[in-house]
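S.K.: Using the sequences and the hints given, assemble the complete structure.
So the sequence lines, in the order shown, correspond to chains A and B. Going by the numbering used here, the letters in the first sequence line up with residues 1 to 380, in that order. Going by the numbering used here, the letters in the second sequence line up with residues 1001 to 1151, in that order.
Derived from the structure by calculation, the hints contain no laboratory data. Glycine included, C-beta positions come from ideal geometry on N, C-alpha and C. It cannot be assumed that every hint is accurate.
Unchecked claim - Which residues of chain B face chain A? A partial, calculated answer using Cβ under 8 Å: (1) 1027; (2) 1062; (3) 1063; (4) 1067; (5) 1072; (6) 1087; (7) 1114.
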Amino acid sequence: MDRVAIVGVAQTKFEAQKLDQNYAEMVFEVVQQLFAQTGAQYAEIDNIVTASSDFWDGRTISSMAVQDAVGAWLKSETKVSSDGTLAVLYALMRILAGSFKTALVVAHCKSSEGDQKLIGNAVFDPIYQRQLGIDLVTSSALQAQAYLHAYGLTDKDLAEVVVKNLGNAQLNPHAQRAHHLSIDTALQAALVADPLREFDIAPPADGACALLLAHESVAARYTDKPVWLQGVGHCQDQYYLGDRDLTTAVALEKAAAAAYKMAGITDPRQQLDVVELYEAYSYQELMWTEILGLAPRGKGVDLIRQGVSTLSGTLPVNPSGGVLGAHAMFVAGLVRVAEATLQLRGEAGRHQVPHARRALAHGMVGPAAQTHCVWILGRD
Amino acid sequence: MESTEMESREELIVYESSMRIPYRWAAGTIAARFYRELAQQQLWGTRCPRSQKVLFPPRKNCNCCLQETTDWVTVGPQATVTSFTVARYNVALLNEPTTYALLRLDGADTAFIHRLKEVDPTQLHIGMRVTAVFAVEPQGNILDIDYFRPV
Chain A
1 MDRVAIVGVA QTKFEAQKLD QNYAEMVFEV VQQLFAQTGA QYAEIDNIVT ASSDFWDGRT
61 ISSMAVQDAV GAWLKSETKV SSDGTLAVLY ALMRILAGSF KTALVVAHCK SSEGDQKLIG
121 NAVFDPIYQR QLGIDLVTSS ALQAQAYLHA YGLTDKDLAE VVVKNLGNAQ LNPHAQRAHH
181 LSIDTALQAA LVADPLREFD IAPPADGACA LLLAHESVAA RYTDKPVWLQ GVGHCQDQYY
241 LGDRDLTTAV ALEKAAAAAY KMAGITDPRQ QLDVVELYEA YSYQELMWTE ILGLAPRGKG
301 VDLIRQGVST LSGTLPVNPS GGVLGAHAMF VAGLVRVAEA TLQLRGEAGR HQVPHARRAL
361 AHGMVGPAAQ THCVWILGRD
Chain B
1001 MESTEMESRE ELIVYESSMR IPYRWAAGTI AARFYRELAQ QQLWGTRCPR SQKVLFPPRK
1061 NCNCCLQETT DWVTVGPQAT VTSFTVARYN VALLNEPTTY ALLRLDGADT AFIHRLKEVD
1121 PTQLHIGMRV TAVFAVEPQG NILDIDYFRP V
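M.R.: Next up, the structure:
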């Protein structure tokens, strides 16, 4: 198979409310930053994949409002109404199909502009579920409770993720929420939906992220530090929460197996140097690390307690602070890919993991993480 | 410099608006029958002839093998809590703090989401037995089961 690399990444600072930019201006900022960094010209990028949500933007066909900003005038722009990790997959397919040599991938969201409860409620089907007022937070809380119960874990275990990730976020200039907390102070936060407290829930953010992908034949034109897409897997589970086993995520298990196989990974704990996960809620980092084969089931928290997944550990997880540091819907997964890329390029700044050569970046979407996408990225 | 910046921020506006779009969603034949029976305080699921799985709420086709579900089976009204959460904020549409549970009705193989009332939050647990309380005036929606309460 032909090889494709990430040759540039750009992201805005994530903020609770960006008053001075409308969302097209926010997108323009990251695209300009990316073009300045790679020396790419608008004229030569003819394959553009965007990720955004009509509901979050409050209009139909949300990509229409950013088509100028991404330079798609008189070109081929196409949209994924799902997480940015899936937009990368779509962009890769369009390059591998032989139609294009490059792809611009851009995701945006302004969480501040819509009612998060009502939009989250609209995820659920109107015939059997929506009228109950359930939303993304409460449905994830149901998963958190089922997971904690299955493995005899408590909110103290969740607080370990909060303390680590919000601590890491202090070193990430793009993060929106960052705190130096103790386990005790994390546990003093108000309960929002048991067992989830305020800090366990990622803060809705405004922001955008962009990547430039290039076929191996042209990658050197844009960077001397390409990051290669070595493996990918994508899978989704049942839509209705009651049809799934919420104590696990079979879709992630399958997505990871596919990505590992493609990248030749047989021992992820040894072969990966850094991991960026989409943990919209603290419990998800514990579940995802276990399902990815980095820890035995129910023991994900030991990775933190034993210092394995901390910033100075042998396998740092979410050195950026993860999604608990900023949650722009559909953007957050693309940011995981961008952060993994920065790590592999040695450009992550104060949250840099030393000598990272291979990284895992993960995206998810849907109520209680219905859909997962796993990327393996490498220097080689 | 600082005052200029402040003035320019004061000039920023946020355009306040909203969208209210009525929809008329066809429920399909299965959900229509389900709601007609629910109005009579009867709970029905559908059974997959291949996997023998009883789906609740009922679906026209099995969620796993896609086989058309042919048999209607009565389920509940008692159920077992398979997960729960207490939303401490006013949730969408209901506009009040709400206790949610994933419930497996007796006789069903899938769980579904509903709300609990008349329950002491400290007594909530997975495995808890609850029973359906039906709405006095059914409207043809999922709140025709008003809520579930401990048995």
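S.K.: Would you settle whether the hint for residue 1072 of chain B is holds or violated, based on the nearest Cβ-Cβ distance to chain A being less than 8 Å?
M.R.: Interface hint status for residue 1072 of chain B: violated (16 Å vs cutoff 8 Å).
S.K.: Please verify that hint: residue 1114 of chain B, Cβ, nearest Cβ of chain A, below 8 Å or not.
M.R.: Residue 1114 of chain B check passes; min Cβ-Cβ to chain A is 7 Å, inside 8 Å.
S.K.: Tell me if residue 1063 of chain B is really an interface residue toward chain A, meaning its C-beta lies closer than 8 Å to one of theirs.
M.R.: holds, 5 Å
S.K.: With a cut-off of 8 Å on the beta carbons, see whether residue 1067 of chain B makes it to chain A.
M.R.: violated, 15 Å
S.K.: Interface hint check: residue 1027 of chain B, Cβ to nearest Cβ on chain A, cutoff 8 Å. Holds or violated?
M.R.: For residue 1027 of chain B, the interface hint holds, since the closest Cβ of chain A sits about 5 Å away, which is under 8 Å.
S.K.: Hold the hint about residue 1062 of chain B up to the distance rule: shortest CB distance to chain A must be less than 8 Å.
M.R.: With a closest approach of 10 Å, the residue 1062 of chain B hint is violated.
S.K.: Mind checking the CB of residue 1087 of chain B against every CB in chain A and telling me if the closest is under 8 Å?
M.R.: holds, 5 Å
Hint violations for this structure: numbers 2, 4 and 5, all remaining hints satisfied.
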